[in-house]
Structure formats: C-alpha cells, structure tokens
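Colleague: Counted the way full-length UniProt numbering counts, the sequence shown spans residues 1 to 162.
Incorrect hints may appear among the rest.
[To be verified] Listed next, the in silico BS3-like pairs over lysine-lysine satisfying Cα-Cα at most 30 angstroms (straight line):
1) K77 / K65
2) K114 / K77
3) K78 / K114
4) K65 / K78
5) K42 / K73
Note that these hints are calculated values from the structure, not bench results.
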Amino acid sequence: MTRLFTNNIQVGYGEQPIVKGISVSIPDQQITTIIGPNGCGKSTFLKAITRIIAHQGGNAILDGKPIAQVPTKTLAKKMAILPQTPESASGLTVGELVSYGRFPHQKGFGRLTKRDYKVIDWALEVTGTSEFKYRSVDALSGGQRQRVWIAWHLLRKRKLFS
C-alpha cells in the first residue's frame, strides 16, 4: 500500500524554482531514501511534503487524502523532518526539549502523564541520550543534538520520518 504519493510537485523560494516535477510513491512499512547532489532540492522537497513550506504546483497525497486537507495535528503525528542542523530555544534542557515531542498526543492544555514520562525516558534510552537529560541542549555536540532530536521524533509515533 502506498502511504505517501506526490505527483509533479514544484517548489521554490519566491520566483526561484528549486524542485520541478517530482513524483514519488513511498510505500508503507519500507525505508525509502531520497538521494541527490548538494543543492538539488532534497530538503526543499521534504519541507514541502511536510507543509513547512508551500508547494507551488502538483499534489501530495498521504493515506489517500491530499496533504493540504490533513489537520496539522494529525500531520504532526504522521510525518516529520529532521534538518541537518536542528535548532531549539536557548536554555532548554534535553529532557524539556524531548518532552515537547508529546505535544500532538496531549489533549487541550494537558500536562504530561506518567505514561508520557515513561515514553520520554524510553526515547532517551534508545537514542543513548539519557545521561544528557538535565544538560542544556546548547552544551551538546552536533551529533548528540541529532540523537536528542531523534528521541523527540520517536515520541510522536510517526509512520513517515525524514
């Protein structure tokens, strides 16, 4: 079954087209990679299909529904993009940052539950970042930050993760 399908996606910044006519079919339960030289538009394409930026043409379908019609919170549960250099608010601890990954699963202004805290500890453990829980994200190396962001994404239970 195809989980994500794009047809003739076109994306750019202002008048400058970056991605022209990309069509892909990403099946469920399979790892899919997007490969290309630096500057060819891989990240721009991913930003467009996750609605971080708008696409200028074509269409994207997720689970049989146009991505533009998928509610933002639902999309946040299903898709993610981890940039090469993710940024967080200055002064956050690793535990605080990772806990924000539970946001799509909270109701209203809900607080974290005991289950949320267990899942947070699990994500830190499987990414090898438990020892950084109370450390400032600003104090981590680039590779350590990437692992913390992977923990953040794991908490959202996404089916599609780029």
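Colleague: Now tell me if each hint is right for this structure.
Modeller: Comparing the hints with the structure gives:
Taken as a hint, the K77 and K65 pair is honoured in the structure, with Cα atoms around 15 angstroms apart against an allowance of 30 angstroms. Annotation: proposed proximity of K114 to K77 holds, straight-line Cα distance about 20 angstroms (limit 30 angstroms). Only pairs whose Cα atoms come within 30 angstroms are accepted, and K78 paired with K114 is accepted, the gap being roughly 23 angstroms. Distance check on the hinted pair: K65 and K78 sit about 13 angstroms apart at the alpha-carbon level, within 30 angstroms; holds.
Proposed proximity of K42 and K73 is supported: the alpha carbons are some 24 angstroms apart, at most 30 angstroms.
The structure is consistent with each of the numbered hints, conforming to all of them.
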